[in-house]
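Q: Go by the hints and put chain B onto chain A.
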Amino acid sequence: MLSPALVIFISVVYLALLFAVASWGDRRAAAGRSVIGNAWVYALSMAVYCTAWTYFGSVGRAAQSGVWFLPIYLGPMLAMTLAWLVVRKMIRIAKTYRITSIADFIASRYGKSPTLAGLVTLITVVGIVPYIALQLKAVASGYAVLTSPLGAPSQQGADWWRDSTLYLALALAGFTMVFGARHLDNTERHEGMVAAIAFESVVKLLAFLAVGLFVAFGLFASPAALFEQVRAVESLQALLRFDQGQPFAYAQWTGLTLLALLSVILLPRQFQVMVVENVDEQHLRRAVWVFPLYLLLINLFVLPIAMGGLLLFGAGTLNPETFILSIPLSQGQTALALFAFVGGLSAATGMVIVETIAVSTMVCNDLVMPWLLRRKGGLPVERGDLAGWLLGIRRAAILGILLLGYGYFHFAGEAYALVSIGLISFAAVAQFAPALLGGMYWRGGTRRGALAGLLLGFVLWAYTLMLPSLAKSGWMPDAFLQEGLWGIGLLKPETFLGLGGLDNLTHSLFWSLLGNITAYVGVSLWRAPSASEASQALLFVDVFKRTDQATPVFWQGKAQVSALMPLVARFLGTDAALRLFLGYAQRQGLSRVEDIPGDGRLVQFVETQLAGSIGSASARVMVASAVEEETLSLTDVMRILDEASQLRAYSRALEDKSHSLERATHELREANHQLLSLDHMKDDFMSSVTHELRTPLTSIRALSELMRDDVDMAAAQRQQFLEIIVGETERLTRLVNQVLDLAKIEAGHAEWHELSVDVRALAQQASESLRENYREAGVALALDVSAQVPNVWADPDRLTQVVLNLLSNALKYAPRRTGQVSLRLREADGGIDLEVQDNGPGIALDQQAVVFEKFRQVSGDAHYRPGGTGLGLPISRQIVEHFGGHMWLRSKPGEGACFGFHIPLRTEPLPDTTAEHTEPNNEPRRPKT
Amino acid sequence: MTQGLKTQRLVALFFAGLVAFNFPLLALWDHEVEVLGLPLFPTALFVLWAIMIAALAWVMERDGGAPSSHGP
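Chains as they are written, first to last, in our numbering: chain A, 730 to 1658; chain B, 153 to 224.
Be careful, since some hints might not be right.
Unchecked claim - Subject to a maximum C-alpha distance of 27 Å in a straight line, what follows is the list of computed DSS-like cross-link-like pairs (lysine-lysine):
{"id": "1", "chain 1": "A", "residue 1": "K1274", "chain 2": "A", "residue 2": "K824"}
{"id": "2", "chain 1": "B", "residue 1": "K158", "chain 2": "A", "residue 2": "K824"}
{"id": "3", "chain 1": "A", "residue 1": "K1386", "chain 2": "A", "residue 2": "K1274"}
{"id": "4", "chain 1": "A", "residue 1": "K1274", "chain 2": "B", "residue 2": "K158"}
{"id": "5", "chain 1": "A", "residue 1": "K1541", "chain 2": "A", "residue 2": "K1621"}
{"id": "6", "chain 1": "A", "residue 1": "K1411", "chain 2": "A", "residue 2": "K1473"}
Simulated from the structure, these hints should not be mistaken for laboratory data.
The shape of chain B in the complex, shown without the other chains:
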């Protein structure tokens, strides 16, 4: 059951990434604005990227070394 949950989380994360890094959400960041002196667009992409990695780490490392004899 937890295996199923992990699979669902990963797939959800994939689609979240797909949406976040694509039309039309990318346009949200495409402005000539600075954040702490850094250009908004690349900064936003790197921040989103880091959030994705953190979420991935959370999903993957949560149940430690649980055996995984069952398929996805």
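So here's chain A without its partners, still in its complex pose:
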């Protein structure tokens, strides 16, 4: 037993801490460094699903029916597998149209209907108030367990003003007002609150795990030891089985799973944290698996705690819903008990705060505002700032909801277990599923259909579940329970139309959803949708298909900026309104607000802005009062849609065209660039050729003139000159032949005679023909030819030309007497590799890049210029490339050079082996580099 003062003190300290976290979050948000811009925080905030009901109730349920507490958490797990498809769509819709509550979502989908919004809000309030009461009850009974002797009955009957639960409710109302309705934000986002909720989720998880570990490993030696003891007690053993003797067990299991699956999306607080408070769609990616993981962890020790409590205290002595507190207390672990209590407080406050904010938004936007707008006198404040007014309404709604919760707790709360209250609420919000989910995927759903479905579902829920629970609490006569309404047996709430055997919850869920869906679909199909319903349906169902520009605007009429801006200013303040309109003008490329055209797009913009503050239905009414509208017909909607999709098609086509134009321009530019460089190369080539021709010509002419002028020249001298002249002439002939040859090959006019060539024989023959030259120069030539080399398709003469060229090149550069040249021939990479390696001076790195260019004669020594035309290598390369191969050079200066080529195997000769008149792909021949 702990002193009340201590427990209250700790609670106050905890709430203050929460307050600090929340205001830190708000300050960070104001400074632009959001703490909730994080997938983990988003996932943790979803864990607001785990309320005091989970925290205390799960253990209670597990003590009563064992594994049957699980469907409530398996449902959300299944829901999250589809969240990326469903919740993401909800987020996208809500963000696009500034939707801030479930009521607004449903109303907006069905033509912005105020009636529908009001009905959804009413169902929410009726369904959720007991759930809020449940939280208060949980904290109150937790407090009672901590502060009274173990097992003592909780004290009742104190005067109401001394009831600490009332003060708890008031404190929570204050806290909620500070963070939920301090200022008006037209996106309805509350960063500080989300940060506090995420923090609370961590606290409650840690507290629950702490108690769980204590029970499983402290109190009992291990979970196995715990369950060993459970097996000894037959009544407990049964709790660990699925089949506990109830009929329709599978139906009940499925019903519970389905209920939880729907509520994890449809509960107002879940909608608030998942959809409204979401800052980035991508956060959903992680939350989809982290949230189920959280649920798994927080449920891991539910069974051990429940079983441990039952073993410890025996069944029926203590309320199992408080095991999490009473087990540590009974073991003298007061600190742990206090921590567990703080965890429970966390779970309860988190739920109350978020749920109340969400429901108060609905009450303000969808009950109070429409009522004010429809009043004869109009809005109570004609001029000036309505924002303060709105905040006042929200705060009053928050206080009202919490007091309603307190009232419910005070008068009916004691009669029912936590779990039953929670499930009643779940079943209430499940009624939103057909209208909401159906509306996101089915264009045909209409306002009347949604209204009929919701009404019928709600009535059936109330009759088969809510009223019986009230009757059992002694609030109303229970005659209708026993005999049916007006004494008609078929109308018995718990065996409606004689359907028996199911448990109350499954029974009610079955009838209410059946009625709901039937009415929704049936009535929707009864009549064609109106223009406004059809247009909203299109916007919702196709939200992923539309970008800002391609979204059709379903509005026609006359609007004026001068009328719309004051309207926005009344709700959001003059400054904010001016900022919004300026921003809008800039996006349209206009400099002044006055220039904004009064078209449908403007009307839609204003309506969306207002929707964030007062709900889409009220915003519709307000805007309609300030502009001249023309009623749209269904034909108009179709026409606008057609125009929008045509516009989209045009803009897409235009985009495609401009893309291909861009590509063509780019290609042309490249081709032009290549042409220019080819032209340049041609000039270079011409000047090189003429230069090369001039050198021997000059020497021939000089020597000839010498001999002509000097008739007395000695015979020996004349002989020497003549030999030089003959040599130079030969060189000229060679040069001209090679230039012609190269020109032919390059132009594709060369003649090729392709045969299957035995490269081994060819290499041997080539080296034989140069053997004498090598011997004269004192250079050793070694052949390194592998035994098996396949034949390749090539022109043998041309290929011999290449090999001879490489060999004579190597000979030129190999040092006299100590020179060594080796020819290597191998099969490689589906072809043959032939390499000629010398031990000459090698080739400098900067020269290696240009060695295949025409007229380049390179050597390690700049002064050493062996005789040659500088065309051998370029020609060789052209030849090798003609056979589909490539040529290379490997050289380190000082360590010789190795020229080589690769020719791939082909099974047949090239298609035209004699002449190629056109290049294969019209590409200009690559410049030789």
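A: This is chain B only, laid out in the frame that chain A set:
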């Protein structure tokens, strides 16, 4: 295309969960048997649950922060 694949995987996972946690597969585990000293039925549910989470994490985190301008 990858978006389409992810969607299909998620839907497949949903139906796998639906089948695994329902009639008649649940009966597979409903026996008085112990695994490592733990009762079979709840243990099996928690293990299946953990496998589902792992599969979800795999599907969702595979392509990292790929932009998702296309709808499901």
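Q: A separate judgement is required for each hint: does it hold in the structure or not?
A: Against the structure, the hints:
no., hint, verdict
1, A:K1274 with A:K824, "holds, 15 Å"
2, B:K158 with A:K824, "holds, 23 Å"
3, A:K1386 with A:K1274, "holds, 22 Å"
4, A:K1274 with B:K158, "holds, 18 Å"
5, A:K1541 with A:K1621, "holds, 17 Å"
6, A:K1411 with A:K1473, "holds, 15 Å"
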